[in-house]
Structure formats: C-alpha cells, structure tokens
Amino acid sequence: MTGPTTLALVLHAHLPYIRHPGQTRAPEEQRLFDAISDIYLPLLGVFERLEADKVPFRLAMSFSPSLCEMLNDDLLRKRYLEHLDRLIELGAHENERTSANPALHRLACLYYDRVVDDRLRYVERYDMDLIKAFDFFHKKGRLELLTTAATHAFLPFYSAYPEAIQAQIETALACHRSFFGKNPSGFWLPELGWFPGLDEYLRGYNFAYTIVETHALIFGTPVPRAGTWAPVRTPNGLVVFARDLHATRQVEDPESGFPSHPLYRDRTRDIGYDLPYEDLRAFMDPDGPRFPTGFKYWASGEPGEVKQAYDPDLAEILVEDHADAFMDQRVDLGSRAMALSGSPGLSVCAFDAELFGHHWFEGPAFMEALFRRGARRRDIRFAAPGDCLDPSGDLQEVVPQFSSWGSNGYAETWLDSSNDWTYRHLLRSVVRMSELAERFPDDGGLKERALNQAARELLLAQSSDWALIMNRRTAPDYARLRVEEGIMNFTSIYESLGGNYISTEWLTNLERSHKLFPAINYRIFRKKR
Amino acid sequence: MNDHRLTRAYLESLSTDDLSRTASECGLELPSELNRIFVIEEILDSVVEDYPELDDEDTLADDPGTIPVHSSLPESYNDTFIGVLLRDPLWAYAFWEIRASEREAHENMTGFSGYSLRVSALTGNKPNPDDECFMIPVGINDSAWYVCLPGGCGWFKLELLATYSAGFDVLAASAPFRVPRGRINVDTVGEEGSSPEILRLSGLDELRVLRSGDAVSRLIQHCES
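Chains A and B, in that order, give the protein sequences. Counting from 127, one number per residue, gives the positions in the first sequence under the working numbering. Counting from 797, one number per residue, gives the positions in the second sequence under the working numbering.
Don't read these hints as lab results, they were simulated from the structure. Hints may contain errors.
Covered, in the sense of this in silico footprint (three residues per stretch, anywhere, with C-beta under 8 angstroms from a C-beta of chain B), are these stretches of chain A [unchecked claim]:
(1) 410-417
(2) 473-483
(3) 526-534
Listing some non-contacts, in silico: residues in chain A with all C-beta distances to chain B over 10 angstroms [said to hold, decoys possible]:
(4) R175
(5) A178
(6) N198
(7) R232
(8) R245
(9) F262
(10) F321
(11) F345
(12) L389
(13) G570
(14) L594
(15) R598
(16) E610
(17) N615
What follows is a list of derived Cβ distance ranges for each label pair [to be verified]:
(18) A:H146 <-> B:L869: 16 to 24 angstroms
(19) A:T128 <-> B:V966: 54 to 62 angstroms
(20) A:G430 <-> B:R895: 54 to 62 angstroms
(21) A:D505 <-> B:E993: 35 to 43 angstroms
(22) A:S543 <-> B:A917: 56 to 64 angstroms
(23) A:A286 <-> B:M905: 25 to 33 angstroms
(24) A:L572 <-> B:G989: 54 to 62 angstroms
(25) A:F262 <-> B:T876: 52 to 60 angstroms
Ideal Cβ positions, reconstructed from N, Cα and C, are used throughout, including at glycine.
The task is simple: from the sequences and hints, build the whole structure.
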C-alpha cells in the first residue's frame, strides 16, 4: 500500500537583460513583451481562476533577477503598452482582412480580444507591476519563489573563480529581497548547470535546496537508493532534487511531447513572417527584422500535410486528456518507485516557463487542467520542493555530478566553436574585477560609481543566454555584441581606474543604459577570508 | 538577384515565402518546413562560399564607434595563465596566454622546441609524483585547444610547458578539475545501495547524455583565439 504520488511543478522564468533606451522599437526588446503576453499574464490568469474557483494549487517559480529588473523598469513598461497598442491596431486590421474566412476570422477576433484584455489587466488590475501580482500568490501560499544567479551565468565555468560565483549569488539575493521582501530557500541553477562543490556556496548563503538534471543524481556518488524519486542531501547539507526525466520527455520531447500534437497551435507560422508588409504596417518597421505578432492561425498538423486552421475547442479537449495522461504516468511511476525503494514517490517536474504559453500555446491551459483535475484525485498531491525537504534529516548523502540540461547533458551548448572565444575575456575580467575590489576596498564618490558599474558590466556579459544564442544562431551578431560591449565597458573602467581618470559623462550614460541592480556593491568581488 | 543584398538584416526582413524563394534562387533545396533561422543561415553560408568578401563586409558592418573608450576586446591580458573549462566527460577546453616578455625569453633560448600541454590524471585532487600524464604539442601561436581526456572519471590538471631539447619549464598550471562519470554499470549499482529497477524508473535507459567512451557527438574543431 502506498500513499499519493507528490508532483512538484517548478517553472523557471528568465530573460537576459535587454534594454535599449536610445533606440525606439528595438527588436530585441520584443522578447520581454512576448514573454509578458504569452507566459506571465496567462499564468496569472490561471492562478486567478483557480483561486476564484477555490481549486487548491501549489507550485514553485523562479524569477531571475535580470527578468525582475526588466519587469520593474518604467521605460520597458511604457514600451510594452506601446507594443500592445500596436497589436490592437494590427488586430483590428486582421479582423477586417480575415472577414471572408470564418475559421481565420474567429481566431483573429479571439486574438484581438485577448490583446485588449491583456492591456486592461496589465494596466488596471496589476498596475503594470507583475512582480507584485506573482508575489500575491506567494503570500497566499500558492507559489513558492526561487531565485537564480544574478545574470544567469553558467556556474560550472566559474568553479575556479569563487568571487564570480559569490558575486552572482549575492547580487541575486539582494535583488530578490528588494522585490519580494525576503530571502528564498530555493536556488534555480542557470541551465541546471551543476558542479560538485557548488553546494558549499549555496549553503553559505543559506539556500536550503536546488534542482539538478536527472543524470546529475543518477550518476551521483553514490548512486542514490531511490533514484530521482526522493531528494538527497549533499555533504554540505544542501537538499538536491532531480528532474523527473519521464515528465520532461512527455512535455519537452520535440517529436513525441504533448506540444507536438497536430491539433495544437503551430508556433512557427505567424502573420509576422507570412504577410506582406502592407498588412503589418501598424506593427512592424518595414526596414527592420520580422518578428512574431502572436496572430497564428494554423494547427501544427502532420508533417507534409496541408495546414488546417487552428481549432481552440479541439485543443481544449486535448489539453484535458494530456493533463490526465501526465498525472497517470506520475502516479504509475511514483507508486512503483515507492514500492521498490520506500521512497516518498516525489516527481519534480521542472521546466523553463517559456514552454508554458510561448513555445506551447496551450501550456497554461494544460497547467490549469492539471490542477483542476488533480484536485479530484486521491492518488496525487501537488507540492513545492520546499515542502519536501524532510527536516528530520534522513536524506541520503550523495554528491551529484557535473551536468546541465543542455545538449548531451553537459556544457557543450555553452562551449563550442561559436562561443568559446568569450570565456578567455570573461574569466580574465573576473580576475581583474577581484583585483579592483581588493585595490579599492573603501572608495566612495565617482570611483565607487565606476567600480559598481564595472561589476554590472561584467555580470551582464556573463549571462549564459549570449552563449546559447550564439550556439543556436538565433541572433548571433547581437549576442556577440552584448558580450563584447560588456567586456569593453568593463575594460574601459578598469584602465580608467588604473590611470586615475574617468569620463563622468560616459559613465553616467552607461549607468542610465544599464541601470539594473541599483544597490550593487562592487565589493562582492572581494575574496572571502 | 543582387547577391550583395543578402545580409542577415535583409534576410530577416523577408516574409517566409520570399525567404524560400531567395533560397531557391541561391540553388538551395531546403525542406519547406525548415525553421526561418536555418534557412537564413543556409543562405548566408551559400553566399559566403560564393563571395567570401561578404564575410568581411559583415564584420565591418559592426559599429564599434559607440564605445567611447575601448572599441575592441583586449588583445592580451599581459599575463601568463592557463584556464580549463570542462565541456563533458570527454573534452575540456583549454585556453592560455604567455606574457610577451616571457615568450620572447623562452623562444630565444637555445634548444627551445615549442610549447606543449601536459595533461595529468591526479590520484587525488592534489598533484602526486606518481600521477600519469601525457603531452600535447601545440602551435607556437596557438592560444586554445579542445583536449580529449582519457576515459573514466577522476581529477585532472593541465599545465602549459615551454619545451627544450633538454627538458621543459612549467609556465602555468590549471586548477585541478574533476571529470564526472559519464555512465554507470547497472550490474554493480547494488554495491552502492541502489537497484537497476529504481534507476530505470528514474529514466536511466532514456538518458540522452554523452557518455564517456561513446563516439564524440560531433566534430570539434581546434579553435583559434
């Protein structure tokens, strides 16, 4: 006889810091606007409906500090509103353009209504403060919050540079506290990048737990008794959960995962890519790159077949089937694991939040179905990882292995011929930043401002996203520019301080452009004694 | 078709249909459902092959003029060091620099034969006289290499050496780094207190990870700085 399987759903919300105040309609800022419309607003909608219907739900979300800074940025908030206004205009045009085709027209109206509703909710309901909106559910006990490295650096590459790791963690903690009022107990590893020894840093900052990729634990030392079905404790006392690989496959597998079902919406076909500019005039700059609008009319369909119009009603039914299949598999595997190992049958389902709404349009509906249908079942219960820490301390001691969630499970996504050139500069700049922090321990005034900006520039260049973008070649020139910009700005300050001269005007402009982490203290890069 | 218009910015501004048409005009036969990103890459690659000067043009198009003080990355850090990043259980990326004055001194010495990397498998995480090692000669102007590590997990260290007819000088050493085990033997996991069944329930058979001893996932080019 076994108890219910525990399902711990964890979503990681992150975007690299992209803000171009000197540029109107910078295409790269679109990523944030898409994420707000596709992911964060729909998720908040799910939480509100569940709460209103008194459906119990519990999950965890990590919010990266760089994302929090952008969500809280007045300029980006204003630009998001402008973006919505352009979308509303485009939607009106689409309603007219599709009027002769009932299937497309229905979708155009649906998308138009959705954008209007987004604007209303963003302004009236949330007062443009999405962090506060998520924090509301945190305070209600529905949402557990985690933080991650300040600019999402791939931490295994900094294993020989303790100051870099400490700077990423300390900055993240300060940022999280400023937005959410208290320290989180969980730390999301950027790209799930783990190396043995990281636990010492995380425990040093009083984090109670983290989550690793499946093979980090299966290949751990020793091999854990309960596989991935129970957390373990590292020698430094950090509780480590591993992702449920079967759950990952069910949702993320590009061929067999739920989102690839032919009835779901095709995420690649978008009028932003398909229509001539005359039809997109309201939304897109004719001289700029094309980007998605969210007006997607086609279902994924079978490969090679003619695309059919997307049918939201069919997708809604399918979502419920998939939610059931997801829970059935957790219960089946979890109960077998409990019977075999006496483990608590814990399935940690950790995903990039981008999947839920951005890559998989029906993702938020899937999550809503999961909680609604799960509430009627006795064989499953929802929890956040922090609820499963086992304070009695009976967890097995295991050292998880070096790993990540990238291609082939290690670091090759962030280290190949497209991006390896960055690390010489990033790591030497860490050495230089530590040297500056030692050389100027008590400086104030202009020098302190310069040192703080040097720390910001270095942190920004360390973001794992630039290496990922270079690897995937989605916008390699932009990613390259961002790393170069960070290193060059840092080096300029480094040399200015050596020469005891700095251009105040240049520094002020830089502070205005890269204005994240206002309370940063460059001394985070000092060696800890 | 004017091939000189085929920059990334121009291609990104095209509709999907126009992009497919451009690919056909470039003689590319691509699947109709190929993601735009890859179509753009294929077109750019084909243009670079035909008109190599365009590559330079792209580079020149970057506008470093907005950087007021430093307009390029540092060419050197005026230091002698070696750094190592572990890529997976098979490969590590080593990068190094030799301070100009030091380089000149070594290269002018009698018997100087070049530079090498020494890879040592450590018996613990500290150096030991009995440690096994092997040498990899590197080019005099090289500054980075992907190093294939011997199979099996354990601690390693890389050193940068100046080699002479009569021996070598150690110029820089990396911090010891630990290579993970890339596979486990299900027949012996019982000795560690686990069981093959629970590991299968955890997805052992479906892991898509590079395992030590497997063929390399793809050709890795020796890199240059």
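Taking the hints in turn, this is what the structure says about them:
Against chain B, the segment 410-417 of chain A contributes 5 residues with a C-beta closer than 8 angstroms to a partner C-beta. That satisfies the three-residue criterion, and the hint holds. With a cut-off of 8 angstroms between beta carbons, the segment 473-483 of chain A has 0 residues touching chain B; three or more are needed, and the interface restraint is violated. Evaluation of the coverage hint for the segment 526-534 of chain A: fulfilled, as 5 residues show C-beta separations to chain B shorter than 8 angstroms, against a requirement of three. With a closest Cβ-Cβ approach of about 33 angstroms to chain B, R175 (chain A) is found to remain outside the 10 angstroms limit, as its non-interface label requires.
Non-interface status of A178 (chain A) relative to chain B is upheld: no Cβ of that chain comes within 10 angstroms, the nearest being about 37 angstroms off. No beta-carbon of chain B is positioned within 10 angstroms of the beta-carbon of N198 (chain A); the least distance is around 26 angstroms. Look at R232 (chain A): its CB is around 23 angstroms from the nearest CB on chain B, clear of 10 angstroms, so calling it non-interface holds up. Taking the minimum C-beta to C-beta distance to chain B, about 27 angstroms, the non-interface status of R245 (chain A) holds against the 10 angstroms cut.
The claim that F262 (chain A) lies off the interface holds: its Cβ sits roughly 36 angstroms from the closest Cβ of chain B, which is beyond the 10 angstroms cut-off. The non-interface label for F321 (chain A) is inconsistent with chain B: the shortest C-beta to C-beta separation is roughly 8 angstroms, within 10 angstroms. At roughly 5 angstroms from the closest C-beta of chain B, the C-beta of F345 (chain A) falls inside 10 angstroms, breaking its exclusion from the interface. Every C-beta of chain B lies more than 10 angstroms from that of L389 (chain A), the closest at about 17 angstroms, which supports listing it as non-interface.
Every C-beta of chain B lies more than 10 angstroms from that of G570 (chain A), the closest at about 22 angstroms, which supports listing it as non-interface. The beta carbon of L594 (chain A) is kept farther than 10 angstroms from every beta carbon of chain B, the shortest such distance being approximately 13 angstroms. A beta-carbon of chain B is positioned within 10 angstroms of the beta-carbon of R598 (chain A); the least distance is around 8 angstroms. Not every CB of chain B is more than 10 angstroms from the CB of E610 (chain A) (nearest about 6 angstroms), against its label as outside the interface.
Interface exclusion of N615 (chain A) from chain B breaks down, the closest Cβ pair being 7 angstroms apart, not more than 10 angstroms. Take H146 (chain A) and L869 (chain B): their Cβ atoms lie about 21 angstroms apart, and the range 16 to 24 angstroms holds. The supplied range of 54 to 62 angstroms is met by T128 (chain A) and V966 (chain B), whose beta-carbon atoms lie about 59 angstroms from each other. Distance hint check: the CB atoms of G430 (chain A) and R895 (chain B) are about 60 angstroms apart, consistent with the given range 54 to 62 angstroms.
A hinted range of 35 to 43 angstroms for the beta carbons of D505 (chain A) and E993 (chain B) is inconsistent with their spacing of about 21 angstroms. Between S543 (chain A) and A917 (chain B), the C-beta spacing of about 26 angstroms breaks the proposed range 56 to 64 angstroms. Separation of A286 (chain A) from M905 (chain B) is about 30 angstroms and conforms to the stated range, judged on CB atoms against 25 to 33 angstroms. For L572 (chain A) and G989 (chain B), the Cβ-Cβ distance of about 60 angstroms falls inside the hinted range of 54 to 62 angstroms, so the restraint holds.
Our hint of 52 to 60 angstroms for F262 (chain A) and T876 (chain B) holds, since their Cβ atoms are close to 55 angstroms apart.
Checked against the numbered hints above, the structure violates hints 2, 10, 11, 15, 16, 17, 21 and 22; every other hint is satisfied.
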